[in-house]
Amino acid sequence: DAKTTQPNSMESNEEEPVHLPCNHSTISGTDYIHWYLQLPSQGPEYVIHGLTSNVNNRMASLAIAEDRKSSTLILHRATLRDAAVYYCILRPSNTGNQFYFGTGTSLTVIP
Amino acid sequence: NAGVTQTPKFRILKIGQSMTLQCTQDMNHNYMYWYRQDPGMGLKLIYYSVGAGITDKGEVPNGYNVSRSTTEDFPLRLELAAPSQTSVYFCASGRGQGNIQYFGAGTRLSVL
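These protein sequence lines are chains A and B, in that order. Under the working numbering, the residue at position 22 of the first sequence is numbered 13, and the numbers go up by one with no gaps. Heads up, the working numbering is the position in the second sequence plus 181, with the first residue counted as 1.
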């Protein structure tokens, strides 16, 4: 089963970059790496995903290691609205199950 | 554009009662999912469906049943509610494996 490991919590100062790490040493060649965030009392929201190459969108960047055993979600300038739990998830492209949210990283943004 | 809609938002059940959590999506997604989230924990997959008429078990299916008669609807049934089923339930839909999932706002269920 493809699982991920993330730090339980991280802190960042407002307007500074944030690097959220994720280890996925058992990743297979067809697993996509997805990141979601969850605000209190809300459902998860999609942030970004990738397979092999680094990805950028308006919300964040995803840096994927060359061996794909780890990845980093980069928030370029943290704002108070970015305070949330961030989940790194492996999503197989060839099955509908066998993925795990884990407990995620709780990000605190300090004003 | 409503996205994924879950009803009810809150519910209190007595032990042994049954209920159905409703989930509907208007994005014409083939894939739909049910998760539960216990306090301070991540989400765990209960059941999922890859299309109308097709369902399969996830990580924690015991005590639950699902059906998928239409593309839009994916109800989750609790037959004999137990305190261990106290949780927040999220429904999600997506275009396919490896693609983005869209989540509903959740149903907070307490079994007393």
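Just so you know, these hints were derived from the structure itself, not from any lab. It should be emphasised that the depicted structure is a prediction, and the values quoted were computed from it without experimental measurement. Virtual Cβ for every residue (Gly too), placed ideally from N, Cα, C. Hints are supplied without guarantee of correctness; some may be wrong.
Heads up, simulated DSS-like pairs for lysine-lysine below, C-alpha to C-alpha not over 30 Å straight-line [to be verified]:
(1) A/K60 x B/K195
(2) B/K238 x A/K(-6)
(3) B/K195 x A/K(-6)
(4) A/K60 x B/K225
(5) B/K195 x B/K238
(6) B/K225 x B/K190
Beyond 12 Å from chain B on every Cβ pair, some chain A residues (computed) [to be verified]:
(7) E6
(8) S32
(9) R49
(10) A69
**Prompt:** Honestly, which of those hints from before does the structure not fit?
**Reply:** Failing hints, ascending: 1, 3 and 8.
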